[in-house]
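Protein chains in written order, with my numbering: chain A, 60 to 124; chain B, 59 to 450.
Just so you know, these hints were derived from the structure itself, not from any lab.
Here the structure is a predicted model, which is why all the values come from computation and not from measurement.
Don't be surprised by glycine CBs; every beta carbon is placed ideally from N, CA and C.
One or more of the hints may lead you astray.
[Unchecked claim] Derived DSBU-like pairs: lysine-lysine, alpha-carbon spacing no greater than 30 Å straight-line:
| # | chain 1 | residue 1 | chain 2 | residue 2 |
| --- | --- | --- | --- | --- |
| 1 | A | K99 | B | K271 |
| 2 | A | K88 | B | K354 |
| 3 | B | K410 | A | K88 |
| 4 | B | K410 | B | K271 |
| 5 | B | K228 | B | K182 |
| 6 | B | K138 | A | K92 |
| 7 | B | K228 | B | K294 |
| 8 | A | K82 | B | K294 |
| 9 | A | K86 | B | K359 |
| 10 | A | K99 | B | K182 |
| 11 | B | K334 | A | K99 |
| 12 | B | K271 | A | K88 |
[Unchecked claim] Simulated DEER-style distance windows between Cβ atoms:
| # | chain 1 | residue 1 | chain 2 | residue 2 | range |
| --- | --- | --- | --- | --- | --- |
| 13 | A | K92 | B | Y177 | 50 to 60 Å |
| 14 | A | S110 | B | S389 | 55 to 65 Å |
| 15 | A | E119 | B | I401 | 16 to 26 Å |
| 16 | B | S259 | A | E79 | 27 to 37 Å |
| 17 | B | G310 | A | I90 | 38 to 48 Å |
| 18 | A | N122 | B | V98 | 50 to 60 Å |
| 19 | A | S110 | B | K228 | 43 to 53 Å |
| 20 | A | I90 | B | R193 | 34 to 44 Å |
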Amino acid sequence: MSHDMKDEKDKRSIVYTIEECQKCGVKNKRIFKVGDYVYKFGGSCLRCNGSTLITMIYAEYVNGT
Amino acid sequence: MWIMVIGIGMGLVTMMDVGSMMMQMNPLFPSGDAQQQWWVYLLWIIPFFIFLLYGQRIQMWMVLNDVARSLNKLKSMQDKARDEAIAYLKSVNPNLTSTERLDMMMEHFAITPVDMDPYGIVRKVQHIIRLRDERIRAQIKMLVPEADEVTASRLENVLEIATALHMLYKIVRHFYLMGKKTTSMFFLVQLQMLMPIIMQSAEAFNKAIPAIKNGQPIGDGIGPMVVGRLMLNREKIAIARDTVMSEYEYNGRRLYLVKAQGPGGTVGEPHTAVEKIINEMGVRVDMIIMIDAALKLEGEKTGDVAEGVGAAIGGIGVEKYQIEEVATRHSIPLYAVIIKQSIIEAITAMRKEIAEAVDRASKSVFRMIDEHSKEGDNILIIGVGNTLGVGQ
Chain A
60 MSHDMKDEKD KRSIVYTIEE CQKCGVKNKR IFKVGDYVYK FGGSCLRCNG
110 STLITMIYAE YVNGT
Chain B
59 MWIMVIGIGM GLVTMMDVGS MMMQMNPLFP SGDAQQQWWV YLLWIIPFFI
109 FLLYGQRIQM WMVLNDVARS LNKLKSMQDK ARDEAIAYLK SVNPNLTSTE
159 RLDMMMEHFA ITPVDMDPYG IVRKVQHIIR LRDERIRAQI KMLVPEADEV
209 TASRLENVLE IATALHMLYK IVRHFYLMGK KTTSMFFLVQ LQMLMPIIMQ
259 SAEAFNKAIP AIKNGQPIGD GIGPMVVGRL MLNREKIAIA RDTVMSEYEY
309 NGRRLYLVKA QGPGGTVGEP HTAVEKIINE MGVRVDMIIM IDAALKLEGE
359 KTGDVAEGVG AAIGGIGVEK YQIEEVATRH SIPLYAVIIK QSIIEAITAM
409 RKEIAEAVDR ASKSVFRMID EHSKEGDNIL IIGVGNTLGV GQ
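Just chain B, with the same shape it has in the complex (with noise of 0.2 Å):
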């Protein structure tokens, strides 16, 4: 009752103000002779009109530039990571003239395989994965021969890079020259509503770019991070491709450690390693547990650990198919600790909140082997991620 007639009287202040403020504004709001005030009348009628024939194509142009100049952007980020891409190239080797091979790399596609019948079809995506990887790899090595394998992995990355952000000014491109061919509204405004998030990943891949060149840790090197401080002083075994395996004791445990081999710039292939020690070692693994740098929700902190269930690893899902498929036919239980960051802290040199959570982490991964195994269990431990600038 009492806010009601609190809300009343405060409407009724807020008129007499109105009222007063028309007063002061008088040649706007005429009181006297219609006649003599006619423009007046026209001052509001004329915008009306124009609002309501023209409203949308207003709003359409406003949308069209605001995309445009986000558009412009993407384009000299594009241009950029490509000059990198040459400039680091052409350190590596000197005697490269043509760019020609470059261009058509960034413009290598891959097919993804038919999904009417999805039967088999991971085994069809590894194949095609694999077939690009090896691919992309013999064509930097015709490009730099000369370089070694840390080397040429960076400059694999460098290129990665280039290519993604040349893919979403393609893309972009095409939406908005749709739009404008089109004069559609609902291509227009989608774009816009994505851009943010769009802008979000170009500037990301933009800002990885100088600390891949230099070979720093990225913030998704936190996993291998904290399995290669494990492997420290150990004998290390090339178990697949790019990938390392060490074995030691723990507790009457024994342990056996997976990453991608350091420090240059790969993900290894942490799938194969896995069936690997379990189908052709003929290892009894009791546990399975998986370390890797996981997307933060906004407002969580940078370097926070946290311990979980599942298979912690990213990719478009071969790995991790591969990895939940051996752990269910043997059922072996998957462990996972994670290390959060945003999307550009996990491409971007590492900070410091993420580097100092490698003991976080450590002590997570122990209290785990502590707790759900016991004595005269083999345990699984893999670092996931890319290991750029991190050894072991």
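In isolation and in its complexed conformation, chain A is listed as follows (with noise of 0.2 Å):
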């Protein structure tokens, strides 16, 4: 078994959403909740409470069990 793969069974993910308001521009970075997907217009802004837009929706992954 090659090293890249004992490194991925040793890791588990977590995927983000990331929304950005299309009046601030401000982004922010959420957990993934079902129903979210790339280009999704709907969400609100917690600053300005402007229309947001989900952009990226990617996992991270990190060590652990």
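Using the hints, put the two standalone chains together into the complex.
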């Protein structure tokens, strides 16, 4: 088994959603919720209450069991 | 010369060391009365004959054990994938009681056309593949009649993974049992050599299920993600099955954007879209740019963007053939932008490094347009890949 494959096994992932406000441009990173998809409108900005767009959904890997 | 002297010197030192070591292990290297030490000679001779006569059997037993361990792991992966598919099916349709149809779907097969006369084989393969897809969709519709298109496409993806793992397990089991039955080392050693790659693919399939069930974008979705961003706030029309198109002006050029319709888990039919835009809509296309995820070589960095020429599209070759055919017939230059990733990264939840490559891939596309086209040109930009979790 290659070193890379061993590394993959030792990691677990957390999927995040990045929302971007269409008005003030503020980005918000939160845990992914079922129903999210990239380029989905509809959320509201935490700062200016403007409409947000999901620009990215990605997994970050952390070491653990 | 000096190297030779040093080499001989080191050799002598090593021999002296071995000599002193053997003195310490005296009972195993007897120097005294041979009659008193006969058992020591037996200790060397018996294993020698055992290995001479049964060496291959011992080796085969070790190989069999090794393959059996991997086979058991593959079986548990296959069972897990089946259970996940059933659980997902039941979550969509709680009234579902029998899993008989699901098991039949996992055994479903497609026979490839005869290739003794290869003329026209691509059309035949396309026909069979289309028929298979339609059949699977119809079966899913029967299993979950109330499901919307996005849920049905996710279910289709989960079932594809469960079927792939099932096939992988059956093939490995076949060669394992054949090797055992025929006691053929050739079967077993070949299988043992291939097992790491097979297990890597199985691992990738296994890890893909949670992302697909939750509708999260996968690494392969980077092409549709680049084009989806360009389509935002623009009118989209259905151009082929599960495929959408948008148009807009950029620096005096007309851009035709094509991607699979998201956020369902589908790759669409970009080849049909190309054919329709050029032949049915009569658009004089001056340049085609394809954006796709590509398998990286070991040592390459995930998310690296590279530019090249040719049709950047995977699959069994039908789509690639059709796009190349149209491009060649109309002498349209084909450019490609690829985003590098491993097989596991391509089918599991999109990694940050890949998602962040969107900007770099977009820059590459517009640089290509600026450098290789002129005002008034029509440019076709295709985002290739599974658009799961990626809208437009």
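Worksheet item: Which of the numbered hints above does this structure break?
Response: 7, 10 and 14
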